[in-house]
Amino acid sequence: MNKLGFYSQRYQLVTLYYSAVAGNYRQHKKIAHGVQILVNGVQILVNGVQRLINGVQRLINGVQRLVNGVQRLVNGVQRLINGVQRLVNGVQRLVNGVQRLINGVQRLVNGAKRLINGVQRLIRDMKNNVET
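Basically the numbering used here = 1-based index in the sequence shown + 79.
Source of the hints: derived by calculation from the structure; they are not laboratory data. Heads up, a few of these hints could be off.
Quick list of the computed label-pair ranges, beta carbon to beta carbon [to be verified]:
id, residue 1, residue 2, range
1, 148, 176, 38 to 44 angstroms
2, 139, 178, 55 to 61 angstroms
3, 197, 165, 46 to 52 angstroms
4, 177, 200, 31 to 37 angstroms
5, 125, 165, 57 to 63 angstroms
6, 112, 135, 33 to 39 angstroms
7, 145, 120, 35 to 41 angstroms
8, 171, 201, 43 to 49 angstroms
9, 193, 172, 29 to 35 angstroms
10, 116, 139, 30 to 36 angstroms
11, 160, 185, 35 to 41 angstroms
12, 122, 158, 50 to 56 angstroms
13, 160, 120, 56 to 62 angstroms
14, 190, 158, 46 to 52 angstroms
Just so we're clear, the structure is a prediction, and the values are computed from it rather than from any experiment. Every residue, glycine too, gets a C-beta built ideally from N, C-alpha and C.
Kindly generate the complete structure, drawing on both the sequences and the hints.
Laid out in C-alpha cells, this is it:
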C-alpha cells in the first residue's frame with residue numbers, strides 16, 4: 080500500500096470516529112477538512128521529495144558524464160604524451176645517426192690525409208732514390 084492509501088484509510092477512520100463520537104456535524108467537517116489539508120500537505124511533501132530525488136539523479140548523471148569526459152581527455156593527453164615521446168626518441172636516433180655519420184666522415188678525412196701524406200712520402204722517397 081502506498082503512503083497516500085495509508086493516509087486515505089486514516090482519513091476515513093478519523094472521519095468515522097469523529098462522526099460517531101462527536102455527533103456534531105460542524106465539528107466533524109472541521110476535523111475532516113483539517114485531515115484533508117494534512118493529506119494534501121503530505122502529498123505536496125512526497126511530490127517535493129520525488130522532485131528532489133529526480134534532481135539529484137540528474138546531477139549524478141551530469142557528474143558521471145563529466146567524469147567520463149575528463150577520463151577521455153586524460154586518455155587523449157596520455158596518447159599525445161606517448162606520441163611526443165616517440166617523436167623525441169626518433170629525433171634522438173636521428174641525431175645519433177648524424178653524429179655517427181659525422182664521425183665516419185671525420186675518419187674518412189683523416190684516412191684520406193694519411194693516404195695523401197703516405198703518397199707524398201712515397202713520392203719524396205722515390206725522388207730521393209732516383210737522385211741518389
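Is it true that the C-beta distance of residue 160 to residue 185 lies inside 35 to 41 angstroms, as the hint says?
At 37 angstroms between Cβs, range holds.
For the range 46 to 52 angstroms, tell me whether the beta carbons of residue 197 and residue 165 fit it or not.
Given range 46 to 52 angstroms: holds, Cβ gap about 47 angstroms.
Assuming the hint says 56 to 62 angstroms, is it satisfied by the Cβ distance from residue 160 to residue 120 or not?
Once the Cβ atoms are compared, 59 angstroms apart, the range 56 to 62 angstroms for residue 120 and residue 160 holds.
Between the beta carbons of residue 145 and residue 120, is the distance compatible with 35 to 41 angstroms?
For residue 120 against residue 145, whose Cβ atoms are near 37 angstroms apart, the range 35 to 41 angstroms holds.
CB-CB spacing for residue 176 and residue 148 relative to the 38 to 44 angstroms hint:
holds, 42 angstroms
C-beta pair residue 193, residue 172: status relative to the range 29 to 35 angstroms that was hinted:
holds, 31 angstroms
May I ask you to test the hint 55 to 61 angstroms on the CB atoms belonging to residue 139 and residue 178?
holds, 58 angstroms
Given the hint of 50 to 56 angstroms, check if residue 122 and residue 158 actually sit that far apart at their C-beta atoms.
For residue 158 against residue 122, whose Cβ atoms are near 54 angstroms apart, the range 50 to 56 angstroms holds.
30 to 36 angstroms was suggested as the range; check whether the CB atoms of residue 116 and residue 139 agree with it.
holds, 35 angstroms
If I claimed the Cβ atoms of residue 112 and residue 135 lie 33 to 39 angstroms apart, would that claim hold in this structure?
Given range 33 to 39 angstroms: holds, Cβ gap about 35 angstroms.
Does the hinted range 43 to 49 angstroms hold for residue 171 and residue 201 at CB?
holds, 44 angstroms
Is it true that residue 177 and residue 200 lie within 31 to 37 angstroms of each other by Cβ?
holds, 34 angstroms
Hint compliance for this structure: no hint is broken.
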